[in-house]
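> Each chain, written out:
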Amino acid sequence: MSDLNFIEMSAVEIAAGVRSGEFSAVEVVTAHLDQIDKHEGDVRSFVTQMGERALDGAKAVDERRSRGEELGALAGVPVALKDNMAYRGVETTCSSKILKGWIPPYTATVIERLEAAGAIAIGKTNLDEFAMGSSTENSAFFSTRNPIDLNRVPGGSSGGSAASVAARFAPIAIGSDTGGSIRQPASLCGVVGVKPTYGLVSRYGLIAFASSLDQIGPFARSVDDASLVLDVISGHDGRDSTSLAERSYSHQPIDNDVKGLRVGVITEMLDGLSSDVENALNLAIDALRALGAQVEEVSVPAAKFGLTAYYLIAPAEASSNLARFDGVRYGVRVEGKDMNETYELTRGQGFGPEVKRRIMLGTYALSAGYYDALYGKAQKVRTLIANDFDNAYDRFDVLISATSPTVAFEFNAKSDPLSMYMSDVCTIPSNLAGHPAMSVPFAGGEGGLPIGIQVLAPSFGEGVMFKVASALEAAANYKAIPEWDNKGK
Amino acid sequence: MSLEDKYLITVGLEVHTELRTKTKLFCGCANEFGAEPNTNICPVCLGLPGSLPVVNRRAVEYAMRIGTALNCEIKHSVFHRKNYFYPDMPKDYQVTQYDEPTCVNGYVELPITGKIVNIVRAHIEEDTGKSTHIGTSGRITGADYSLVDYNRSGIPLVEIVSAPDMVSGEEAREYVSELRSILVATGATDGKMEEGSLRVDANVSVRPVGTEVLGTRCEIKNLNSLRSLVRAITYEARRQMEIVEEGGKVIQETRHWNEDLGKTSSLRSKEEAYDYRYFPEPDLSPLDPTAEEVEAIKAGLGTLPPKRRAILVELLDGTPTKSEIEQIQTAINFGLDELVLAGIDRKIPAKLSLARCANEVAGLISNLGDSYILPNEKILEVLAKESAGELTPTQSKVVLSRVVADGDVEVTALISELGFVAASSGEMDQLVEEIIAESPSEWERFVSGEDQLAGFFVGKAMKKSGGKANGKLVSKSLNDRRSQLQG
Amino acid sequence: MSNDDISIETTRHIAYLARLALDEGEVNQYAGQLSAILKHADDIASLDLDGVAPMRHTLNVVNIMRDDEVRPSLDREEVLASAPDAQASMFLVPKIVGEE
Chain A
1 MSDLNFIEMS AVEIAAGVRS GEFSAVEVVT AHLDQIDKHE GDVRSFVTQM
51 GERALDGAKA VDERRSRGEE LGALAGVPVA LKDNMAYRGV ETTCSSKILK
101 GWIPPYTATV IERLEAAGAI AIGKTNLDEF AMGSSTENSA FFSTRNPIDL
151 NRVPGGSSGG SAASVAARFA PIAIGSDTGG SIRQPASLCG VVGVKPTYGL
201 VSRYGLIAFA SSLDQIGPFA RSVDDASLVL DVISGHDGRD STSLAERSYS
251 HQPIDNDVKG LRVGVITEML DGLSSDVENA LNLAIDALRA LGAQVEEVSV
301 PAAKFGLTAY YLIAPAEASS NLARFDGVRY GVRVEGKDMN ETYELTRGQG
351 FGPEVKRRIM LGTYALSAGY YDALYGKAQK VRTLIANDFD NAYDRFDVLI
401 SATSPTVAFE FNAKSDPLSM YMSDVCTIPS NLAGHPAMSV PFAGGEGGLP
451 IGIQVLAPSF GEGVMFKVAS ALEAAANYKA IPEWDNKGK
Chain B
1 MSLEDKYLIT VGLEVHTELR TKTKLFCGCA NEFGAEPNTN ICPVCLGLPG
51 SLPVVNRRAV EYAMRIGTAL NCEIKHSVFH RKNYFYPDMP KDYQVTQYDE
101 PTCVNGYVEL PITGKIVNIV RAHIEEDTGK STHIGTSGRI TGADYSLVDY
151 NRSGIPLVEI VSAPDMVSGE EAREYVSELR SILVATGATD GKMEEGSLRV
201 DANVSVRPVG TEVLGTRCEI KNLNSLRSLV RAITYEARRQ MEIVEEGGKV
251 IQETRHWNED LGKTSSLRSK EEAYDYRYFP EPDLSPLDPT AEEVEAIKAG
301 LGTLPPKRRA ILVELLDGTP TKSEIEQIQT AINFGLDELV LAGIDRKIPA
351 KLSLARCANE VAGLISNLGD SYILPNEKIL EVLAKESAGE LTPTQSKVVL
401 SRVVADGDVE VTALISELGF VAASSGEMDQ LVEEIIAESP SEWERFVSGE
451 DQLAGFFVGK AMKKSGGKAN GKLVSKSLND RRSQLQG
Chain C
1 MSNDDISIET TRHIAYLARL ALDEGEVNQY AGQLSAILKH ADDIASLDLD
51 GVAPMRHTLN VVNIMRDDEV RPSLDREEVL ASAPDAQASM FLVPKIVGEE
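Protein chains in written order, with this note's numbering: chain A, 1 to 489; chain B, 1 to 487; chain C, 1 to 100.
Just so you know, the hints here were simulated from the structure itself, not pulled from any lab data. Hints may contain errors.
[To be verified] Residues on chain C that point at chain B, a partial pick, calculated with CB under 10 Å:
| hint | residue |
| --- | --- |
| 1 | S7 |
| 2 | Q87 |
| 3 | A88 |
[What the hints assert, rightly or not] Per the computed footprint, the stretches of chain B lying under chain A, defined by three or more beta-carbons under 8 Å from a beta-carbon of chain A, are:
| hint | stretch |
| --- | --- |
| 4 | 50-59 |
| 5 | 85-94 |
Don't be surprised by glycine CBs; every beta carbon is placed ideally from N, CA and C.
Bound conformation, chain A alone (with noise of 0.2 Å):
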């Protein structure tokens, strides 16, 4: 075994490293295994180990590359999933009861195409049930904690998955974001957290929550390492009627030079933030003038209304989609006198509360006389957002704004659904005009808590979003440290 830290390595060097046989997969992937033995009884980020697989799958890396095979952009690379992606012989639960045993006959094409580049998968992370959270308090399961402060939530939904990667169990990780899932958690853990444009990374296999909002992305500790993922999930995929031919993203290295960009601070997004949180946005907004780029308020009037018009649309989306576990084909059944009530017997037993209140939220959105003035208003006001954001990225580049309004709260500290739901209001516009963006761990703030940047870019603007994340990243020299590396110091 050799001394190097294997833990601490990107992605981008521990590929490099397996291809050029400078050390083998086994060996990373031990590392990461033995980490995980370490930490994982703190941390809980996963509903599912794989750690015999993922060894069988760090050897068939190995014996490619002793063949003398071309091994792909992420060989070696352990990746923890989000459990909400199926995995053909695995369970995949959704962090649900009703799912509970399932095990899926078919892989999700993200984790087709992580493998084909030599990923392998180390386990399938917990999350808020059916993704529906901002703390990962919602599994079914258990609670994740933020490996960062043990005593406080990694957000979520995708909270599992922003856990393995701050606590080093994996360099990447990957997420869905329907309303800040991926951004939120990994402002909240220090990690860096992309969702991409929508159509951008194939849906096929994702378990959807809502389907004209969800979408795919990395999480790594690196701007560099995110964008080398996303080059390897992206791309169209004929399973997906919303996956855009012709459309990809390709991993370069990123030129972090902004002067000259143009970068608008998204004025409806600067009431609420705690003091913390806004002293980080006001260091970041310095950091860019000062490597050059026209820094300016900008105000996207209708962002205020996204909040509103998300939880109609995604309850709605997610009433329909959640109809089909119903204890039939799969999952649990809880058996009553007929098929109606077994029906409502298996998901009254089977979903959990918020999974239920978002259930009723989306039936009645859709119901007759309230679709025109609910949702039928909503996905107007979706348009409005997406016209607001068309006029600011007439005169910006980019857009910034803080990811979340606070650091990492602690558990059950939001038990009113709305407290908890205003958690996304900066992240949720983006995923209504289907824009990229991404959070970039920037500073320390209260507790030393991670705060992260966001940065959004308009459809297909994932080059100069990294460009601009890139030079945050620089400029911020800030490295989040899990609690158990920090003590003492």
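Place chains B and C on chain A using the hints.
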């Protein structure tokens, strides 16, 4: 005055037709009838979590063909989700075109009455799986449990919704029969009611003669044949008339046709408000056919049944009888009208070949597979011989059945093998002389002008020859002899 | 327009449409919470959006289709292994009351 005279019946039909694509509407599973249960299933048509639909291009093309053949406008369309729970619907919503279907505002002209039945819309949707109810009755009421097979789930359907323009079961039958022949002619569907690839729901209401406002309608399901359709509508209309006549109110509901009992019965155990919560399907893009595509569909359709019927009607001198119109329909449904047209070139009368095609050939080929190729040349050879009097109608039918069953058979050889060789003129003369000698008084009367006695002599000749004599030739010989006597 | 409180009766009806068995406590709780959440929808209820088209799709694309080519189906036994109940290679469900 009977009840039927006091009330008017209004019928509108919803016809579901399965499209003859190779694969399902949203996935690559095979679209086939009669496969082993749950063998044509995949994540998409099974509604597995994470699966997504992608529209089958050919299904859309077929839907546009159907719409064009039904004189519809072909429009921009949007798929919607229709949300309701049912075990044979794997996603617990059905993907269907809702307020923006591909085809709108068409019509069908009924062949016998010439009446126009308007088509409101023809939209694309996915079929459901199939439930088998297990229990003593075999029906849903009284079943202990059900078994679900998802092979049918996701098979592409076009639902054709007519305006409430029909006034009787018979008219509904005529509409479905014409619709079916148009649908089959487009190549989009096989129109097999017995395999469920054509399914009809009927909306029936009654109102007193002299009133305008339509009565409350009931929807009848499970109409698996044209015969059921007529019987069910007639029964249901009568049931509603009796309710209204007794001062009652018809309840709007869905009713099930029981073919064995000859009755409709209410399907719902409790009245519940349906709220399908339609919304645009976010997993699919809208369809927006270009003008060029629509033109290409039109050009590719070929000659459709209404035009083909007009050609045959013309051949029958424009005044076909009702039974001849039915023969025309049958001939067109089986694609035999071209055979009739080919017969004209060989001087075979249209009436003869039409009757043979509709009454004999159609019945024979309905049992043969899709890949069967009809021996057109040999059929025409047989019909030519019949028309020339070389075969009697009875003989002709026998020979036709053999030729259709085995297209390789040689017609002349077959005829001699069957012993259907016409008697020689010498034999014929001898036969006619013998029968005249046996019945001198009847001959007297025939010569003096009692034409109807010709049948008597033909019958005698048939009997004497053991069926070999050609009736036509016998009459001709009798007439010739009479003319000579008179001349 | 303003969104009025959602009644217990409406809450029960919605729960039925969504096939969710809720106990009394849940019905009361959801009635209150849905009312509170929908109060927030008042901010868009007052917007004049007559001339605005609803966004149905963040992508402005049409005619995304595939060719009519058969792809392999799933292995039946693998699928049925996940079924809560099965018989004769079919999914077994409790008796269905209502529409056929």
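> Indicate, hint by hint, whether the structure satisfies it.
Taking the hints in turn, this is what the structure says about them:
no.	hint	verdict
1	S7	violated (16 Å)
2	Q87	holds (6 Å)
3	A88	holds (6 Å)
4	50-59	holds (count 6)
5	85-94	holds (count 6)
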